[in-house]
Every structure is written in C-alpha cells, then in structure tokens.
Amino acid sequence: MIEIKDLKKSFGELQVLKGIDLTVNNGEVLSVIGSSGSGKSTLLYCINALEPIDSGSILVDSISVHDKATDVNKLRQKIGMVFQQFNMFPHLTAQENVALAPRKVKKMSKKDAMDLAARQLEHVGLGEKVDSYPSALSGGQQQRVAIARALAMEPSYMLFDEATSALDPELVGEVEDTMRMLAKEGMTMILVTHEINFARDVSDRIAFFHQGRMEEINSPDQLINHPASEHTAKFLSNVR
Amino acid sequence: MAINVFSELQPKDLLFLGEAALRTLEISLTAIGIGSVFGAIFGWMMSEGNRIVTFIINAILDIFRSVPLIIQLILFDSFISIAGYPLPAFVSGTIVLSVYTAALVANVARGGVEAVPASLRRASRSLGLSYWQDLRYIVWPVGLRAVFPSWIGVALSVVKDSALVSVIGYVELLKASQILITRTQDTFVILTIAGLFYFALSYPISKASEYIERRWNQ
Ligand SMILES: Nc1ncnc2c1ncn2[C@@H]1O[C@H](COP(=O)(O)OP(=O)(O)OP(=O)(O)O)[C@@H](O)[C@H]1O
Ligand SMILES: [Mg+2]
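Which chain is which? The protein sequence lines are A and B, in order. If you use our numbering, the first sequence closes out at 240, no skipped numbers anywhere. If you use our numbering, the second sequence closes out at 218, no skipped numbers anywhere.
Please note that the accuracy of each hint is not assured.
[What the hints assert, rightly or not] Here's a subset of chain A near chain B, in silico, CB distances under 8 Å, partners left out:
id	residue
1	73
2	76
3	85
4	90
5	91
6	198
7	200
[Unchecked claim] Result set (SDA-like, lysine to any residue): computed pairs, CA atoms no more than 20 Å apart in a straight line:
id	chain 1	residue 1	chain 2	residue 2
8	A	106	B	131
9	B	12	B	171
10	A	18	A	217
11	A	104	B	134
12	A	184	A	139
13	A	107	B	131
14	A	74	B	7
[Claimed, not checked] Just the calculated beta-carbon pair ranges, DEER-fashion:
id	chain 1	residue 1	chain 2	residue 2	range
15	A	62	B	37	44 to 52 Å
16	B	136	A	109	16 to 24 Å
17	B	53	A	11	16 to 24 Å
18	A	55	B	206	31 to 39 Å
19	A	106	B	84	40 to 48 Å
20	B	53	A	237	46 to 54 Å
21	A	115	B	148	45 to 53 Å
22	A	111	B	153	36 to 44 Å
The hints are simulated quantities; they were obtained by calculation from the structure and are not laboratory data. Note that CB positions come from ideal geometry on N, CA and C, so glycine has one too.
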C-alpha cells in the first residue's frame with residue numbers, strides 16, 4: 001500500500017505539490033491525468049525518493065520513504081519505474097540492461113541474472129531481442145525492455161510516467177498491451193498518462209491533478225462521464 | 001690538418017634518438033596516466049559539485065590551461081631549486097606535465113559526465129543502484145564513449161607537448177635531436193628522423209583508439 005499524506009514539494013519558489021493526500025491499495029491500478037506542469041511526474045519522483053519533499057509523508061508498505069533512516073536503494077527495489085524517455089542503457093544489450101540491477105543490486109550471479117533477464121524479456125514479448133543493442137530496437141521495443149528491466153527487480157509497485165507519449169502512434173499499442181498484461185497479473189500501478197481511453201480501460205480509479213492539487217479522484221466512469229470539478233470537465237473536453 | 005669539430009651522423013646516434021624517443025614515451029604516458037586520473041576526479045567534481053566548488057576548480061585549472069607550458073616548466077623548476085628542493089628533470093617535468101594534462105582532461109571528463117542524460121541516471125537509480133554504482137556502471141561507460149575521441153586528442157597533444165620538457169634539461173626526443181644537431185649540423189636529417197619518431201609514437205595511439213571506437217559501435 002502507498003499512503004501519501006499532505007505531501008508538499010517545491011522547486012525553489014515554485015510550489016509544485018500543494019498538499020496531496022492519496023492512498024493506493026495493493027492490486028489497484030490508479031491513473032493520474034492533468035495538464036502539463038500540474039505535478040504528476042513530480043509526484044512519482046517523490047514516491048521513489050528521486051526528489052526530496054518539503055513536508056508531509058509517503059509510506060510504501062509502511063516504510064517512510066523520506067525518513068533519513070530509510071535505505072532508499074533498498075526501498076527502490078520495491079518500486080519499478082518506467083519513464084517517458086526510453087532510458088535504455090545504450091552500451092548494454094537488452095539482456096544486459098535487464099540483468100544489470102539484479103547482478104549489482106541483488107548480487108545475483110551473472111548466469112542467474114542473465115537467465116532471469118531472458119525470462120523477463122520473453123514475458124514482454126522480446127525473447128528474440130536479447131542480444132540487441134538499444135540502437136537496433138524501435139521505441140516500443142525499448143520501452144518494453146525498460147518494463148522488463150523494472151520487473152526483473154520483482155517490484156511490488158510499478159510507476160509509469162507517460163510511458164507511451166514519446167512513441168510513434170503505431171507503437172503505442174504494444175506498450176499499452178504490456179501494461180494491460182501487468183494490470184491483469186495484479187500489479188499495483190500508478191500510471192501518469194495523457195491517453196484517457198487507455199486510462200478508462202485499465203484503471204480502477206483515476207485522479208485528476210490541477211496546479212499542484214489533486215482536484216478529483218473517482219472511478220473512471222464517474223470521473224470521465226460525470227466530473228465533479230469544472231477543471232476536470234474543461235481538461236477532458238480539451239483532450240478529446 | 002684542420003680539426004673538424006663537427007662529425008658525421010653515425011648509426012649509434014640513431015640508437016641515441018631511439019632511447020630518447022622511449023623517454024618521451026615514458027614521460028608522456030606517465031603524465032597522461034596521472035593527469036587523466038586527477039582530471040577525471042576534477043571533472044566529476046565540477047559536474048556534480050555545487051557552483052562554488054565548480055567555480056574554484058575551474059578557475060585554478062584555467063591558470064594551468066592558459067599559461068604556456070614552457071613557462072610553467074621553467075617557473076616550477078626554478079622555484080623548487082630556489083626553495084632548496086631540486087628534483088630530477090624527469091620528476092619535475094612529470095609533475096608539471098601531469099598537472100597540465102589534468103587541467104585539460106578535467107574539461108573532457110566534465111563533458112563526459114554531462115553527456116549522460118539525467119533521465120538515464122534517474123532510471124538507473126530507480127532500479128536501486130547506489131550513487132556509486134550508477135557512476136561506475138552507467139555514467140563511466142556512457143560518458144567515456146561520448147568523450148573518448150576528445151580524450152585521445154588530449155593524449156596525443158601531451159605526447160607532442162612533452163617536447164617542452166627539454167627546456168629543463170630532460171633528454172627526451174627533442175633535446176636529443178638538438179644535441180645531435182649541435183654536433184653534426186645535420187638539422188634536416190635529424191629533425192626528419194625525430195618527426196618520424198613522434199609519428200611512430202602517436203600513430204599506434206590513434207589506431208588503437210579507432211579500433212576501440214569501432215568495437216563500441218560494433
Ligand atoms: N527539477 C526541476 N527544477 C525546477 N522546476 C521543476 C523541476 N521539475 C519540474 N519542475 C517544475 O515543476 C512543475 C511540475 O512539473 P511536473 O514535471 O511534475 O509536471 P507534469 O504534471 O508531469 O507535467 P507534464 O505533463 O508536462 O509532464 C512544472 O512547472 C515544472 O516546470
Ligand atoms: Mg511529467
């Protein structure tokens with residue numbers, strides 16, 4: 001379970017998150033939508049301790065993420081993350097990309113890590129591409145390697161930050177399918193996305209962010225068809 | 001019979017030049033080695049440190065980059081002599097040349113660290129890699145590939161610039177050539193041979209670097 005209480009976060013003078021309260025239950029898929037600059041990416045970075053916070057708290061499985069005593073490198077193993085940029089390590093093959101963290105962080109033997117990597121790549125439909133370098137893969141394939149790489153650490157949570165928005169339209173489907181597969185398998189996920197239809201299909205709840213606040217959170221049907229806030233309604237009418 | 005103070009170039013002179021070329025190689029490689037290690041550390045500090053650290057390191061290194069090497073050599077050599085701690089020419093030459101190399105490599109290394117996208121580093125940290133693991137397994141290989149040609153460029157220029165160490169009396173290739181020229185007056189032939197030796201030292205370095213780059217690009 002991820003419990004966020006009164007989370008505040010600024011970059012210099014600019015307050016980006018203005019008191020967020022949010023709980024994500026195990027097995028739940030939560031989508032986060034909202035206009036550019038509303039703080040969606042920052043929220044994900046805070047959950048993963050990639051950004052420090054000003055005040056409030058984030059608990060992941062009851063571990064306080066921003067507590068000084070918390071070992072963030074250990075905590076991050078629980079939380080897989082996939083970014084908008086493909087972020088494959090360019091000097092490593094697909095299999096080496098996936099095997100790196102199990103080897104270096106979990107101290108697996110090279111052979112075990114490479115076997116695990118091969119299985120994970122198979123799982124996302126890239127069994128053929130184990131020896132390919134990123135330069136030889138399409139954006140969609142690179143993004144699926146990134147998903148396999150995160151899954152290889154056997155996380156309890158997956159955070160996706162607009163994982164499909166840098167992709168050519170014809171490649172969006174394959175990555176969305178992979179995310180759908182994870183949702184079916186019961187992975188707890190937070191998806192930041194601009195694809196409203198995808199969010200509706202896959203999510204248990206959708207949260208709408210507006211200027212650093214969580215304006216509204218509800219079931220996909222309620223939020224999309226009967227938005228309670230005028231900001232939500234306006235945002236939805238703009239993206240559709 | 002008039003005594004000829006000048007004598008012909010002899011086979012053993014070639015050996016003399018060859019040995020001097022090895023000394024050029026020795027002092028260059030030592031300086032490149034030491035200078036690259038320190039340069040990499042300074043470059044890392046400049047790209048990851050706060051603004052004040054960056055400013056101070058950069059200002060200091062700027063001195064070594066802008067004052068001509070020949071002046072640095074003479075100043076340092078005279079200074080330690082006056083201070084009463086004269087060093088062998090090889091040692092003081094190596095010190096000055098290493099500092100000079102470090103100043104050049106620092107900029108290259110800084111460029112290398114900064115060539116690694118922030119998002120790539122966030123991705124590696126998000127997998128649980130520590131700061132040092134990220135540095136070792138992501139920033140180092142990715143950054144090195146990005147600036148490797150510039151680093152080789154610095155290394156090649158250090159081989160040539162090492163000729164200036166002759167001014168403090170270290171008998172490397174250029175100094176050896178001057179000694180022979182004084183004796184034989186055969187400027188043209190000797191400098192041509194010296195030039196060929198410099199080429200023979202540099203050529204393998206650039207060939208090796210081409211080979212390494214080709215392997216990286218498969
Ligand atoms: N490292 C940073 N330094 C300073 N300002 C930042 C930084 N990261 C984000 N911001 C600012 O914080 C605000 C929120 O950014 P964030 O990336 O969280 O928005 P977002 O909702 O993800 O937007 P988008 O849909 O464009 O990705 C923006 O105004 C952004 O300019
Ligand atoms: Mg964003």
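For each hint, the structure was consulted:
Hint status for residue 73(A): holds, given a least beta-carbon distance of 5 Å to chain B, under 8 Å. Given the 8 Å rule on beta carbons, the hint for residue 76(A) holds: about 4 Å separates it from the nearest Cβ of chain B. With 8 Å as the threshold, the beta carbon of residue 85(A) comes within range of chain B, its nearest partner Cβ sitting at about 4 Å, so the hint holds. Contact between residue 90(A) and chain B, as hinted, is supported at the beta carbon level, the nearest pair being about 6 Å apart and thus within 8 Å.
Given hint, residue 91(A) at the interface with chain B, holds; its Cβ is 5 Å from that chain's nearest Cβ, closer than 8 Å. About 22 Å separates the beta-carbon of residue 198(A) from the nearest beta-carbon of chain B, more than 8 Å, and the hint is not met. The beta carbon of residue 200(A) is not positioned within 8 Å of any beta carbon in chain B (closest approach about 27 Å), and the interface hint is therefore violated. A hinted pair counts as satisfied when its Cα atoms are at most 20 Å apart, and residue 106(A) with residue 131(B) qualifies at roughly 15 Å.
A threshold of 20 Å between alpha carbons decides the hint, and for residue 12(B) with residue 171(B) the separation of about 16 Å falls inside it, so the pair holds. For the suggested pair residue 18(A) and residue 217(A), the alpha carbons sit about 16 Å apart, so the restraint of at most 20 Å is met. Pair hint residue 104(A) plus residue 134(B) holds up; C-alpha atoms about 10 Å apart against a cutoff of 20 Å. For the hint pairing residue 184(A) with residue 139(A), the CA-to-CA distance comes to about 24 Å; that exceeds 20 Å, so the pair is violated.
With a C-alpha separation of about 16 Å, the suggested pairing of residue 107(A) with residue 131(B) holds against the 20 Å cut-off. At most 20 Å may separate the alpha-carbon atoms for a hinted pair to count; residue 74(A) and residue 7(B) exceed this at roughly 76 Å. The hint said 44 to 52 Å for the Cβ distance between residue 62(A) and residue 37(B), and at roughly 45 Å that hint holds. One distance hint, 16 to 24 Å for the beta-carbon pair residue 136(B) and residue 109(A), holds here, with the actual separation near 19 Å.
Remark: the range hint 16 to 24 Å for residue 53(B) to residue 11(A) is upheld by a beta-carbon distance near 22 Å. Look at residue 55(A) against residue 206(B): about 57 Å separates their beta carbons, and that is not inside 31 to 39 Å. The hint said 40 to 48 Å for the Cβ distance between residue 106(A) and residue 84(B), and at roughly 58 Å that hint is violated. The hinted window of 46 to 54 Å between residue 53(B) and residue 237(A) holds, with their beta carbons roughly 50 Å apart.
For residue 115(A) and residue 148(B), the hinted distance range of 45 to 53 Å is not satisfied, since their beta carbons lie about 32 Å from each other. Look at residue 111(A) against residue 153(B): about 40 Å separates their beta carbons, and that is inside 36 to 44 Å.
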